[in-house]
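Asker: Based on the sequences and whatever the hints tell you, model everything.
For the protein sequence lines, the chains are A and B, in the order given. Sequential numbering of the first sequence, starting at 737, is according to the numbering used here. Sequential numbering of the second sequence, starting at 186, is according to the numbering used here.
Hint data in this document are derived by calculation from the structure and do not stem from the laboratory. Check each hint, because a few of them may be wrong.
To be verified - Ranges between beta-carbon positions, derived for each pair:
#, chain 1, residue 1, chain 2, residue 2, range
1, B, Ala239, A, Asn961, 51 to 61 Å
2, B, Glu273, A, Lys946, 42 to 52 Å
3, B, Glu198, A, Lys844, 19 to 29 Å
4, A, Arg915, B, Lys259, 16 to 26 Å
5, B, Leu244, A, Lys844, 34 to 44 Å
6, B, Gly208, A, Glu821, 14 to 24 Å
The beta carbon of each residue, even a glycine, is placed where N, CA and C say it ideally should be.
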Amino acid sequence: MMNVYCFAGVPVRIQSMYDAVNKHCEEYRFNGIPSFDIYTEETDIDFERKKAQEIYGLEQGSAIWTAEELEIIAVYRKFAEKMPEYDGFVFHGSAIAVDGKAYIFTAKSGVGKSTHTRLWREMLGTQAEMINDDKPVIRFEEDVPMVHGTPWAGKESLSKKIAKPLRAICIIERANQNRICEISKRSALPFLFQQAYRPYSRTGLEKTMKLIDQLDVRFYHLWCNMERNAAELSYRIMSEIKEDNHED
Amino acid sequence: MKIKEDFSVFQMENEYYLIPTGGMSFKGVIKGNRTMGYILDALKEDTTQEKIVAKLKELFDVSGHEEDVEQDVKQAIEKLRMVGALEED
Numbered sequence: 737m738m739n740v741y742c743f744a745g746v747p748v749r750i751q752s753m754y755d756a757v758n759k760h761c762e763e764y765r766f767n768g769i770p771s772f773d774i775y776t777e778e779t780d781i782d783f784e785r786k787k788a789q790e791i792y793g794l795e796q797g798s799a800i801w802t803a804e805e806l807e808i809i810a811v812y813r814k815f816a817e818k819m820p821e822y823d824g825f826v827f828h829g830s831a832i833a834v835d836g837k838a839y840i841f842t843a844k845s846g847v848g849k850s851t852h853t854r855l856w857r858e859m860l861g862t863q864a865e866m867i868n869d870d871k872p873v874i875r876f877e878e879d880v881p882m883v884h885g886t887p888w889a890g891k892e893s894l895s896k897k898i899a900k901p902l903r904a905i906c907i908i909e910r911a912n913q914n915r916i917c918e919i920s921k922r923s924a925l926p927f928l929f930q931q932a933y934r935p936y937s938r939t940g941l942e943k944t945m946k947l948i949d950q951l952d953v954r955f956y957h958l959w960c961n962m963e964r965n966a967a968e969l970s971y972r973i974m975s976e977i978k979e980d981n982h983e984d
Numbered sequence: 186m187k188i189k190e191d192f193s194v195f196q197m198e199n200e201y202y203l204i205p206t207g208g209m210s211f212k213g214v215i216k217g218n219r220t221m222g223y224i225l226d227a228l229k230e231d232t233t234q235e236k237i238v239a240k241l242k243e244l245f246d247v248s249g250h251e252e253d254v255e256q257d258v259k260q261a262i263e264k265l266r267m268v269g270a271l272e273e274d
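Answerer: As structure tokens, then:
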């Protein structure tokens with residue numbers, strides 16, 4: 737199967753073995769000249785299967801993913817590898833847009849980024865729209881970091897083919913008491929490096945680090961429970977200009 | 186010994202970050218201060234623990250703290266070794 741798609745403003749021609757890739761990326765089909773090509777082979781599927789086994793254990797890793805699903809992941813990885821060449825990088829987080837600005841919540845897996853953006857959607861209704869619930873791309877376009885939806889969007893495939901300028905990144909940790917504070921980029925850096933896609937190539941890695949260094953947005957640290965008042969607090973603070981610690 | 190090509194250093198003010206490429210088994214980030222910065226810089230070329238200690242003693246006034254310097258270097262190198270960042274014969 738060979739088709740052209742446009743992810744994060746970059747046209748890509750994908751030649752895949754299975755049609756599942758096309759179905760997965762259908763919304764991103766594009767009529768135009770690709771900037772680069774992605775090919776997949778059996779070795780790519782074997783590679784992804786091995787990685788799944790490393791993460792989930794031998795039996796589960798083999799059982800839970802079909803070759804079609806592994807190919808979708810292989811395509812994602814090849815795309816993510818190339819992004820730094822186009823001034824972008826994939827970032828592990830839940831990205832939501834409100835009033836035309838993007839907010840990304842990031843945390844270790846299972847902490848509650850998706851839950852938090854779901855609370856924002858419940859609270860804000862149509863004022864909010866999901867950009868991508870798992871792997872948005874941050875890409876600099878005329879020096880502005882834009883957050884893009886991609887077809888790789890987590891368990892519920894929550895994503896939209898839109899792009900909004902990044903306003904803030906928020907690191908979430910669980911706590912009983914809700915608290916948020918704005919932090920310096922310096923404080924956020926270890927998390928940013930941890931949550932950005934890490935290229936296999938050194939050049940790609942160094943470019944990613946350079947792009948992270950360029951980020952001139954707000955950074956927050958949020959300690960919260962998974963209740964509505966946590967979302968009310970985070971939205972109130974992140975959507976306004978505040979400099980002090982705030983507690984709920 | 187020296188730092189592997191698969192590890193890259195990022196500096197912001199007086200903080201240094203050592204980050205591996207995606208293919209490394211270490212998936213974290215090592216963060217260090219100015220001392221770590223000098224150690225990482227020294228490890229760009231093939232060197233030894235003793236040479237690094239000697240260099241730090243030369244660069245800073247460490248009178249009365251020689252053992253601390255040796256200990257700091259030893260611990261830093263051990264950390265780098267543990268995460269697979271060192272290329273050693």
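Asker: Each hint needs a verdict: does it hold in this structure or not?
Answerer: Quick rundown of the hints versus the structure:
1. B:Ala239 - A:Asn961: 51 to 61 Å: 53 Å, holds
2. B:Glu273 - A:Lys946: 42 to 52 Å: 29 Å, violated
3. B:Glu198 - A:Lys844: 19 to 29 Å: Holds: the Cβ-Cβ distance is about 26 Å, inside 19 to 29 Å.
4. A:Arg915 - B:Lys259: 16 to 26 Å: 39 Å, violated
5. B:Leu244 - A:Lys844: 34 to 44 Å: 38 Å, holds
6. B:Gly208 - A:Glu821: 14 to 24 Å: 18 Å, holds
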